[in-house]
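2 protein chains.
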Amino acid sequence: METDITELNRVLAAAAEAAPVLAETTPAQRAQWLHGAADALDAAGSELVPLAAEETQLRESPRLQGELKRTTFQLRLFAEVLADGEFLRAAIDHADPGWPMGPRPDIRRTAVPLGPALVFAASNFPFAFSVAGGDVASALAAGCPVVLKAHPGHPKLSARTGAVVREALVTTGAPAGIFDVIFGVNAGVTALKDPRIAAASFTGSVPGGRALFDIATSRPTPIPFYGELGSVNPVVVMPGAVKARGAEVAKGYVDSFTLGTGQFCTKPGLLFLPKEHGLEDVLREAAQAVSGQPMLNDRIAAGYQDGVARLRGQPGVTVLTGPEASGDLFEPTLLTGRAEDFLLADEVLGSECFGPVSIVVTYAGQAELLKVLDRLEPGLTATVHAEASEVEDVRVLLPALTRLAGRLLWNDWPTGVTVSWAQQHGGPFPATTAPTTTSVGTAAIERFLRPVAWQGFPDALLPPPVQEVNPWHVPRRVDGRRS
Amino acid sequence: METDITELNRVLAAAAEAAPVLAETTPAQRAQWLHGAADALDAAGSELVPLAAEETQLRESPRLQGELKRTTFQLRLFAEVLADGEFLRAAIDHADPGWPMGPRPDIRRTAVPLGPALVFAASNFPFAFSVAGGDVASALAAGCPVVLKAHPGHPKLSARTGAVVREALVTTGAPAGIFDVIFGVNAGVTALKDPRIAAASFTGSVPGGRALFDIATSRPTPIPFYGELGSVNPVVVMPGAVKARGAEVAKGYVDSFTLGTGQFCTKPGLLFLPKEHGLEDVLREAAQAVSGQPMLNDRIAAGYQDGVARLRGQPGVTVLTGPEASGDLFEPTLLTGRAEDFLLADEVLGSECFGPVSIVVTYAGQAELLKVLDRLEPGLTATVHAEASEVEDVRVLLPALTRLAGRLLWNDWPTGVTVSWAQQHGGPFPATTAPTTTSVGTAAIERFLRPVAWQGFPDALLPPPVQEVNPWHVPRRVDGRRS
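Just so you know, the sequences run in chain order A and B.
First residue of the first sequence: 1, per the working numbering; consecutive thereafter.
First residue of the second sequence: 1001, per the working numbering; consecutive thereafter.
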């Protein structure tokens, strides 16, 4: 399934035509569209979930049902963001002849949509990071038309979800060009280079995301590119936690790295345990108790098998458990080795391997732990398991952990990313290509907005958020004071 | 004056060493440093202003005095931003087992500094966009060490200002590596490629900024690059304004495009007047009344002379006034032509020419005006001069003007950019390389921060902005509600 150039041009032209129309809509209108899309997806669940199961190997219906619930919740949460109004970051500075640097004109700032957004869907969340996922919800909420590049792993589901969403949006009053789905690498790259596209987002691998980032930034007119790429998601276990509840931590870890057959960007890829942790047997048994599952698709399975083979061949790596080779079902692989050996071999510490594999790294004290943390690349998350009595030991590690991640966890597991106001899903490269932003949570809308200031304008021509009477009742900062 | 590689390495190592120290400081501490720097600059004014005058040809002491005032005001305003605390965008979502998408853990977001920032200083504001300018003030406020690449147009001033600022920062308690000045293109490019640099900003030309953006984004680890590049700054005059106060508008325009010998990024480069405006004589006389001034330096003067010669040679361009050639003093050049001719020649409409030249473009009605606005590249500003009776005619133009700019002005001139809470100085490429950000005003601090979320952490390990009792009294969003 490939979108040809004629169809692509039609989609891009329609998005470009819709952009100024969307820019004139109210947040309340867009909230209605998002509710329309969420309701339509809920109604189509019994059709869409089986389609997803068929194409992705995510055969467990509860998982897909849960993901659809997350997806429609997310759309409705962005409707709340629109009602709240703070996303506009509205500010008014009245004229002030006594402003210390010199007389100040009346100046008022609010935000406008960037324009048509190109969203590259992910493989591993056929709903929540795909056709109606967080990037789409936040871009539509911002008032940007969306061109969605479907992931080749679930084309039928993408087409059908796209049709459901599009119809719901248009039925609730959105212009026809607001949303469409395109297919194929060529169509995606051509769209990314097209001057009508004003921003792009992506969830996927480091090489794929980097290639698209390079295209986006080397255009004659470069555009913002929000790529959420790779992450090793280190987990540090402190000695007290091993002593108090080592077996529980070990089982939690195995559950987390094997969840969804390890195909989550937040899969814990490294578990740091103190030397002589004595948990080898528990870890091995827990991993062996996880039955083999199919992976999302053949391309991902092949990449996983190459990655595991490479990791197994690294100096210092021992296999705790794991099949020599896999057929259609992938049993977990658990590797281990000593931090001191890996300090000489970045290959082990630096590589995300998408799938049910993880490495237990033993450390010989806090100094060595800090040294190895300093060698890691930044990612999406970093986790600590510790006892309350170890708070001061953890405090010493926090600067290193903060450098490494956009989200830090305490006695929890990184898989599972809630969608909420305080969520941050991002981090310095290679976690993302835009470390000041988040791709999950309400703040994701800001990626698709740009501020505009209005100087000396008559009230009748100002956008409502900065008209004197504040007709939309948005929160504003007026003359430096928050209202 | 060139920083050699040994010295550059020392500066970068010191910045890298200071970064984690700065990350642990409180906003109140950093506010004190900014006040220290502002006070020291005020005290050194009688030494610095003559140095600036000597190196930049900005011989008018009031201009430089005013710019220094703007600079110290800006440093102190960022101290207010730090006291205000909203820049952290702190948010707390308490654990919620009933969260509709599934149980929510306790999650809390605040912001941390990106790390060492490399700031490329501008030529045309030796104080306000240079060693102690807005980029430096906002990066320091965010808690980022700054490596300042001096502009070659004012090396002695840069070294001296750097020493004053550095001493003041360190005297008020900042770590030694917080700030240093480097010199030379090679040192700047080498620093931009260095993995210790986490963000960069730039104010200058489109080719220069684009080249640096390309370096920043093609690093093995790409970093945010905040470039403020070029802008044509169109001004639209409506027929009613011509009729009611044409001469006044014409004089205001000439004052604005010749201010600072046209060497502002907000210089109005295009004035759109209705056909048969009858203002040729007023415009010519006003321009001829402006005496020639020296330009900032020989390189800028040479670029200006090439640019003017090119514009004069474009089809459809007529010279209203302007010297055939200039010596050391540059009298303004005012060109004119018809919109219908320029629609065929992007060269005229698309080119910022830094210096005292501008083009009066006549339009034959609103349809043609819209057509020509649609051909313009985005920039920093777009201005309208109109009578109150023309509000509805202007409304039709607003979408086109908003697409074009980060700041819109009504019956005012774009030169002069106030520093305030509502200011927005930016815009889509080529105005900037980061359209979602501003380089002037309090929101500039956000460019140097990244959000981090803390999931399930004990209060004792949380950063103060998200500790339960809110010890710093920062504004927060708690469970979705703003406090």
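Among these hints, one or two may not hold up.
Stretch by stretch, here's where chain A covers chain B in the computed footprint (C-beta under 8 Å, at least three residues) [as the list claims (entries may be wrong)]:
id	stretch
1	1063-1072
2	1089-1096
3	1213-1219
4	1297-1308
5	1387-1401
6	1452-1461
Calculated from the structure, these hints are not laboratory results.
From the three backbone atoms N, C-alpha and C, an ideal C-beta is built for every residue, glycine too.
If any of the earlier hints don't hold here, list their numbers in rising order. 4
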